[in-house]
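Undergrad: Sequence:
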Amino acid sequence: MATQSREQAPNLNPDEGAELQTAPIFQRLDEMLKRDPYSVQFFQAVRLLERLHPERRPVGLFVSPGSEVVRFSSVPTFSFPASELQGLEKAKDGQLKMSVNFMGLCAAVGTLPHVYTDFLLERAKAKDHGPGDFFDLFNHRLISLFYRAWQKYRFYVAYERTGAGDDAISTRLLDLVGLGTKGLTRRMQIADEACLYYTGLLSQRRPSAQALRQLLEDYFEVPVEIHQFTGTWNRLPPENQSFLRDTGMFCERLGMGTIVGDEVWDQHGTVTIRLGPMMFERYQQFLPGADAHRDLRSWLRFYASREFDFIVQLVLEREETPGMELGVAGPAASRLGLVSWVKNRPLSRDPDEATYKLS
Numbered sequence: 001m002a003t004q005s006r007e008q009a010p011n012l013n014p015d016e017g018a019e020l021q022t023a024p025i026f027q028r029l030d031e032m033l034k035r036d037p038y039s040v041q042f043f044q045a046v047r048l049l050e051r052l053h054p055e056r057r058p059v060g061l062f063v064s065p066g067s068e069v070v071r072f073s074s075v076p077t078f079s080f081p082a083s084e085l086q087g088l089e090k091a092k093d094g095q096l097k098m099s100v101n102f103m104g105l106c107a108a109v110g111t112l113p114h115v116y117t118d119f120l121l122e123r124a125k126a127k128d129h130g131p132g133d134f135f136d137l138f139n140h141r142l143i144s145l146f147y148r149a150w151q152k153y154r155f156y157v158a159y160e161r162t163g164a165g166d167d168a169i170s171t172r173l174l175d176l177v178g179l180g181t182k183g184l185t186r187r188m189q190i191a192d193e194a195c196l197y198y199t200g201l202l203s204q205r206r207p208s209a210q211a212l213r214q215l216l217e218d219y220f221e222v223p224v225e226i227h228q229f230t231g232t233w234n235r236l237p238p239e240n241q242s243f244l245r246d247t248g249m250f251c252e253r254l255g256m257g258t259i260v261g262d263e264v265w266d267q268h269g270t271v272t273i274r275l276g277p278m279m280f281e282r283y284q285q286f287l288p289g290a291d292a293h294r295d296l297r298s299w300l301r302f303y304a305s306r307e308f309d310f311i312v313q314l315v316l317e318r319e320e321t322p323g324m325e326l327g328v329a330g331p332a333a334s335r336l337g338l339v340s341w342v343k344n345r346p347l348s349r350d351p352d353e354a355t356y357k358l359s
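Residues in the sequence shown are numbered consecutively from 1, following UniProt numbering.
Derived from the structure by calculation, the hints contain no laboratory data. Where hints are given, some of them may not hold.
[To be verified] Per label pair, the in silico range of CB-to-CB distance:
id	residue 1	residue 2	range
1	S348	G178	41 to 49 Å
2	R154	Q210	27 to 35 Å
3	K92	K152	29 to 37 Å
4	D36	R154	18 to 26 Å
5	L176	E263	13 to 21 Å
6	G94	R186	34 to 42 Å
7	F62	R205	40 to 48 Å
8	F62	D93	16 to 24 Å
9	R205	G94	53 to 61 Å
10	P223	T258	41 to 49 Å
11	P223	R335	42 to 50 Å
[Stated by the list, open to error] Below are the DSSO-like pairs computed for lysine-lysine, each with C-alpha atoms no more than 30 Å apart in a straight line:
id	residue 1	residue 2
12	K90	K182
13	K152	K125
14	K97	K125
15	K97	K152
16	K127	K92
17	K92	K125
18	K343	K357
19	K97	K127
20	K125	K90
C-beta atoms are modelled at their ideal positions from N, C-alpha and C, and glycine is treated no differently.
My request is simple: use the sequences and hints to build the entire structure.
TA: Rendered as structure tokens:
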């Protein structure tokens, strides 16, 4: 999940030959709707059609019905509808026409008295479709608003329409994780959409090791262990080191400010992230400079800010341990301390010597 980009929606840009791109998809959808109209739900059918024809306007807006993706009509009948959709066809002007069974002014489930349905059936029998087309002016608007009402409370549909996480729900979730303003978005190695998925973990008042483990384990799909307070040596800058004849107030007093050496031990400022065991191909993706390494750094910096230093420990499955070969270049090359094992027999444990620091 970490090293592979999220599956992108098909390129449906009308400026790049959308008709050619969507023709096979629409053909299959059209055949399915004509052959088995009961197999597709009304909402899903309209949702797909809007995705397949971005050059047209969505239904239910304050625009001309002729510019919308699909034109709705209701089937005037007293029979029991076996499915929500009656059929889908393409008009001469290229607009799709969808006949529905579940809603309309004149039908078995219609709101008008049945005498109107009788009238429409009689006129249709005489091949006079004018009255039916007149009622469909209202049916189209009613069905369009019905779809818009359904769409309003399905956040995933609104996300599909914006395509960039600019819908209302995504904006609120980004507020919870601290990315609610435009200046803070699209700046990390990881996608902002990944943060939306983990809003429950990222919005906690206090970061915890358990929440971090759950996040990393789910995102990278490898076993993760978090070891707190592992401690590490931190190098002191020269101005904080003790020297003979130092005129500093504290450096002259033993037990108060004198420090021997140029490093100090920090017990609580370092956390060890143990990743694995994992396959060798996955192992290489976590090496410094690789994709998963950059994602891991971004996640740790975002979740824990710069309060802690992290030591990453990579664990390789023993069966995946490669032998060392000198003179090999490229991804298979041995990297001292990271990808270099000298062995003459299979290992008895999963090698975990490879470590590096993220700060």
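Undergrad: Determine for every hint whether it applies to the structure shown.
TA: Status of each hint after checking the structure:
1. S348 - G178: 41 to 49 Å: 46 Å Cβ-Cβ, so the 41 to 49 Å window holds.
2. R154 - Q210: 27 to 35 Å: holds, 32 Å
3. K92 - K152: 29 to 37 Å: holds, 33 Å
4. D36 - R154: 18 to 26 Å: Given range 18 to 26 Å: holds, Cβ gap about 24 Å.
5. L176 - E263: 13 to 21 Å: Violated, at about 40 Å.
6. G94 - R186: 34 to 42 Å: Cβ of G94 to Cβ of R186: about 37 Å, so the range 34 to 42 Å holds.
7. F62 - R205: 40 to 48 Å: holds, 43 Å
8. F62 - D93: 16 to 24 Å: holds, 21 Å
9. R205 - G94: 53 to 61 Å: This hint holds: roughly 55 Å between Cβ atoms.
10. P223 - T258: 41 to 49 Å: About 45 Å separates the Cβ atoms of P223 and T258, which means 41 to 49 Å holds.
11. P223 - R335: 42 to 50 Å: The hint (42 to 50 Å, Cβ to Cβ) is violated, given that P223 and R335 are roughly 23 Å apart.
12. K90 - K182: violated, 42 Å
13. K152 - K125: violated, 39 Å
14. K97 - K125: This hinted pair holds, its Cα atoms lying about 21 Å apart.
15. K97 - K152: Holds, at roughly 23 Å.
16. K127 - K92: holds, 19 Å
17. K92 - K125: With Cα atoms ~23 Å apart, K92 and K125 stay inside 30 Å; holds.
18. K343 - K357: Holds, because 26 Å separates the two Cα atoms, which is no more than 30 Å.
19. K97 - K127: Holds, because 19 Å separates the two Cα atoms, which is no more than 30 Å.
20. K125 - K90: Holds: K125 and K90 sit about 23 Å apart, inside 30 Å.
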